[in-house]
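S.K.: The task is simple: from the sequences and hints, build the whole structure.
Number of protein chains: 2
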Amino acid sequence: MAKASPVSPLAPKSIPAMPAVEGVRFATAEAGIRYRGRTDVLFALFDEGTTAAGVFTRSKCPSAPVDWCRANLAGGRARALVVNSGNANAFTGMKGRQAVELTAAIAARAAGCRPDEVFLASTGVIGEPLDATKFEGVLENCAARAAAGPWIEPARAIMTTDTFPKVATRTAEIAGVPVTINGIAKGAGMIAPDMATMLSFVVTDAPIAAGALQGLLARGVETTFNAITVDSDTSTSDTLMLFATGKAAARGAPAVAEAGDPRLGGFAEALHDLLRDLAQQVARDGEGASKFIEVRVEGAVDDASAKRIALSIANSPLVKTAVAGEDANWGRVVMAVGKAGEPAERDRLAIWFGDIRVAVDGARDAAYDEAATSAYMKGQEIVIRVALGLGTGRATVWTCDLTKEYVAINGDYRS
Amino acid sequence: MAKASPVSPLAPKSIPAMPAVEGVRFATAEAGIRYRGRTDVLFALFDEGTTAAGVFTRSKCPSAPVDWCRANLAGGRARALVVNSGNANAFTGMKGRQAVELTAAIAARAAGCRPDEVFLASTGVIGEPLDATKFEGVLENCAARAAAGPWIEPARAIMTTDTFPKVATRTAEIAGVPVTINGIAKGAGMIAPDMATMLSFVVTDAPIAAGALQGLLARGVETTFNAITVDSDTSTSDTLMLFATGKAAARGAPAVAEAGDPRLGGFAEALHDLLRDLAQQVARDGEGASKFIEVRVEGAVDDASAKRIALSIANSPLVKTAVAGEDANWGRVVMAVGKAGEPAERDRLAIWFGDIRVAVDGARDAAYDEAATSAYMKGQEIVIRVALGLGTGRATVWTCDLTKEYVAINGDYRS
Chain F
1 MAKASPVSPL
11 APKSIPAMPA
21 VEGVRFATAE
31 AGIRYRGRTD
41 VLFALFDEGT
51 TAAGVFTRSK
61 CPSAPVDWCR
71 ANLAGGRARA
81 LVVNSGNANA
91 FTGMKGRQAV
101 ELTAAIAARA
111 AGCRPDEVFL
121 ASTGVIGEPL
131 DATKFEGVLE
141 NCAARAAAGP
151 WIEPARAIMT
161 TDTFPKVATR
171 TAEIAGVPVT
181 INGIAKGAGM
191 IAPDMATMLS
201 FVVTDAPIAA
211 GALQGLLARG
221 VETTFNAITV
231 DSDTSTSDTL
241 MLFATGKAAA
251 RGAPAVAEAG
261 DPRLGGFAEA
271 LHDLLRDLAQ
281 QVARDGEGAS
291 KFIEVRVEGA
301 VDDASAKRIA
311 LSIANSPLVK
321 TAVAGEDANW
331 GRVVMAVGKA
341 GEPAERDRLA
351 IWFGDIRVAV
361 DGARDAAYDE
371 AATSAYMKGQ
381 EIVIRVALGL
391 GTGRATVWTC
401 DLTKEYVAIN
411 GDYRS
Chain A
1 MAKASPVSPL
11 APKSIPAMPA
21 VEGVRFATAE
31 AGIRYRGRTD
41 VLFALFDEGT
51 TAAGVFTRSK
61 CPSAPVDWCR
71 ANLAGGRARA
81 LVVNSGNANA
91 FTGMKGRQAV
101 ELTAAIAARA
111 AGCRPDEVFL
121 ASTGVIGEPL
131 DATKFEGVLE
141 NCAARAAAGP
151 WIEPARAIMT
161 TDTFPKVATR
171 TAEIAGVPVT
181 INGIAKGAGM
191 IAPDMATMLS
201 FVVTDAPIAA
211 GALQGLLARG
221 VETTFNAITV
231 DSDTSTSDTL
241 MLFATGKAAA
251 RGAPAVAEAG
261 DPRLGGFAEA
271 LHDLLRDLAQ
281 QVARDGEGAS
291 KFIEVRVEGA
301 VDDASAKRIA
311 LSIANSPLVK
321 TAVAGEDANW
331 GRVVMAVGKA
341 GEPAERDRLA
351 IWFGDIRVAV
361 DGARDAAYDE
371 AATSAYMKGQ
381 EIVIRVALGL
391 GTGRATVWTC
401 DLTKEYVAIN
411 GDYRS
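Going down the list, the protein sequences come from chains F and A. Take the first sequence: its letters are residues 1 to 415, numbered as in UniProt numbering. Take the second sequence: its letters are residues 1 to 415, numbered as in UniProt numbering.
Any given hint might turn out to be false.
Derived lysine to aspartate or glutamate pairs resembling EDC-like cross-links, with alpha carbons at most 20 angstroms apart [as the list claims (entries may be wrong)]:
no., chain 1, residue 1, chain 2, residue 2
1, A, 404, F, 405
2, A, 60, F, 361
3, F, 95, A, 347
4, A, 95, A, 116
5, A, 60, F, 302
6, F, 13, F, 277
7, F, 60, A, 302
8, F, 95, A, 365
9, F, 60, A, 303
10, F, 95, A, 345
11, A, 95, F, 361
12, F, 378, F, 355
13, A, 60, F, 298
14, F, 404, A, 405
15, F, 95, F, 116
16, A, 378, A, 294
17, A, 134, A, 101
18, F, 134, F, 101
19, F, 60, A, 361
20, A, 13, A, 347
21, A, 95, F, 365
22, F, 95, F, 67
23, A, 404, A, 381
24, A, 60, F, 345
25, A, 60, F, 347
26, F, 60, A, 273
27, F, 60, A, 345
28, F, 60, A, 347
29, A, 95, F, 345
30, A, 60, F, 303
31, F, 95, A, 361
32, A, 95, F, 347
If you are wondering where the hints come from, they were derived from the structure by calculation, not from laboratory data.
M.R.: If you want it as structure tokens, here you go:
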């Protein structure tokens, strides 16, 4: 069912050189879960002492691997990560739990650790039992081959309807000692032809305690992965995990136990930047996307209100189809502000497409230049800015346009 | 910009014969607001003693006519209604308020009543000033021609992207005296190519006080017009009004002052049935619709929770594209249940397409017949039923599928 699509026109023009992260080795393999002729499993090994943090889907019907990870995060320690594509192991009942347990057992044996130090993620078809016996032998083999690179391989192995692999890297200093942060992500629709979801895994060699790591991740996700939307649909499997091997301690980096420790300022900033990079890559690979849209809302009563308004705009099918049609249809932006249910005063509202103010004081801007706006809308990156004039709350979210190709990809027209 | 579209394949097969409603006369005209060669204004006159009730968009940025109607409803009396298509008079600032005042003044003069007995609705482009001077002469002329029928004319005059006029009629008895209820509606997207919204006007000859009328309408709307969705986008102009001329009193119908009066039982039921009929016609005319979808949720913790889950399913682009593709993709239904944020337990969930149970106890139904399901999905009317197994809450909502034509209609691809 997964159709070969051309690479998104919004893909980054180049793939960054990814350095190794000390304490992390990995390999990918063809386990034959669903796809043929491509890798579909990632096995990563973390050195002893690695801490873990994670944020997961808010779905009330999470997948079996999400349940598993949530339970194991309490321990705060990680030695292995198994990610497969092709099957989400979601809505698979008792069989799903058994598949998770078997996968963790095979992985623990291959990694030489306890099953509760293994983290799992699956992406792909919902409702089909995952045959975990396919991992027998495969994970042992991966462990034998595990190496510190190349990082593009895990990014490829976890793809479903993605049209390009998503990687990012940053460096920071903790008390003057350089540390590295690498991340990979996948996702194209929140859930796609049957398969797809948002998964992201980030690793660093910084020595950060699990509790602090969780604090950094929770803070970082709100304005990055939780600020993107493709189609407003939330997967049963969304997973973002952050692992810290602590290997930079040998080079003098101090162990940090609190997320608020001022020595983590630069690290937190670099992590946030990396998460935003990966999140934007997911929006840029939105199914059928032809334009990347940034929605900025300012002057709301508070940041949370600004974000709800921004998401209302970014999720509106009518705003997204207008952008696809290169139509600066600010009336639909007004509609989306109005339906958000947040404080807004029609007569204070102003709206810009790029730098062109199209509406002000509750009416069309008399000075608005239709030709300049039309030219702007032909671009590949569209910024919609809304000023509410009520307070200092602000938020930015990212999305893509809604095209016929989205419907074609997800309509799965049966012949 | 309004393109001529073929009539929706989901349109009712026949238009009902609409009787007159005593105390109501109307005429339509070509005021040249935006369209050429079609009527675009409806002027209705109500006899003295007519009461009024209304429910309006919850948008925080309502149109000028919505503000006007809300203010005048306090009086509870109506003598005239002016509805125009082609321009929504929304987000038009001070000019919008002036246009509303001028329209009401012209209408009051033509009807021989006070401006605050005039109700107004506009649908069409947002953000363009409405030139109310175009109503000069036109409304006087309508008043001179006003008649008790034919009812299809007002339904036609208020259309924007609708592909068919929407009318319905019912009768009921109040204390043994027959009364009539007639209604018209328009709407195709919640907001469309630039223009469109949901408007509906219902009139009856029953003698019901304004307060009671408001109670009946508020109760009736929740499971009818507030239970349909085309694209989750809420217009700035949504308006549903109910007028009661009281003329049936001359035939012996008692004046009723309380919505809870048991003598209104049959009337309330007939009104509810008419509102549901009109609301379903709007969903059947959803932009680009090829299938009509009924979503039934049962076993929720309460009715409100059931409705939020049902709307989450009905608004999901992935569920709607799957139905367009004739794919019984229950994994996406699970996803939509999960993202609703309402109590749900994966392992108690069951899902049906029509009478075919496809999932049960948190996993695929082993007995599920793929061929029979595929055959069912080829139909034009699709019922998706979800049982949560938690309580007795239930709700039903109606929507349509999401097709490439929706994107084409709303993308307004500029050449």
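S.K.: Each hint: holds or not?
M.R.: Now for the hints, and whether the structure bears them out:
| no. | hint | in the structure |
| --- | --- | --- |
| 1 | A/404 / F/405 | holds (8 angstroms) |
| 2 | A/60 / F/361 | holds (15 angstroms) |
| 3 | F/95 / A/347 | holds (12 angstroms) |
| 4 | A/95 / A/116 | holds (19 angstroms) |
| 5 | A/60 / F/302 | holds (16 angstroms) |
| 6 | F/13 / F/277 | holds (13 angstroms) |
| 7 | F/60 / A/302 | holds (17 angstroms) |
| 8 | F/95 / A/365 | holds (13 angstroms) |
| 9 | F/60 / A/303 | holds (18 angstroms) |
| 10 | F/95 / A/345 | holds (16 angstroms) |
| 11 | A/95 / F/361 | holds (12 angstroms) |
| 12 | F/378 / F/355 | holds (14 angstroms) |
| 13 | A/60 / F/298 | holds (17 angstroms) |
| 14 | F/404 / A/405 | holds (8 angstroms) |
| 15 | F/95 / F/116 | holds (19 angstroms) |
| 16 | A/378 / A/294 | holds (15 angstroms) |
| 17 | A/134 / A/101 | holds (14 angstroms) |
| 18 | F/134 / F/101 | holds (14 angstroms) |
| 19 | F/60 / A/361 | holds (15 angstroms) |
| 20 | A/13 / A/347 | violated (42 angstroms) |
| 21 | A/95 / F/365 | holds (13 angstroms) |
| 22 | F/95 / F/67 | holds (14 angstroms) |
| 23 | A/404 / A/381 | holds (19 angstroms) |
| 24 | A/60 / F/345 | holds (7 angstroms) |
| 25 | A/60 / F/347 | holds (11 angstroms) |
| 26 | F/60 / A/273 | violated (34 angstroms) |
| 27 | F/60 / A/345 | holds (7 angstroms) |
| 28 | F/60 / A/347 | holds (11 angstroms) |
| 29 | A/95 / F/345 | holds (16 angstroms) |
| 30 | A/60 / F/303 | holds (18 angstroms) |
| 31 | F/95 / A/361 | holds (12 angstroms) |
| 32 | A/95 / F/347 | holds (12 angstroms) |
Of the hints listed earlier, those the structure fails to meet are numbers 20 and 26, in rising order.
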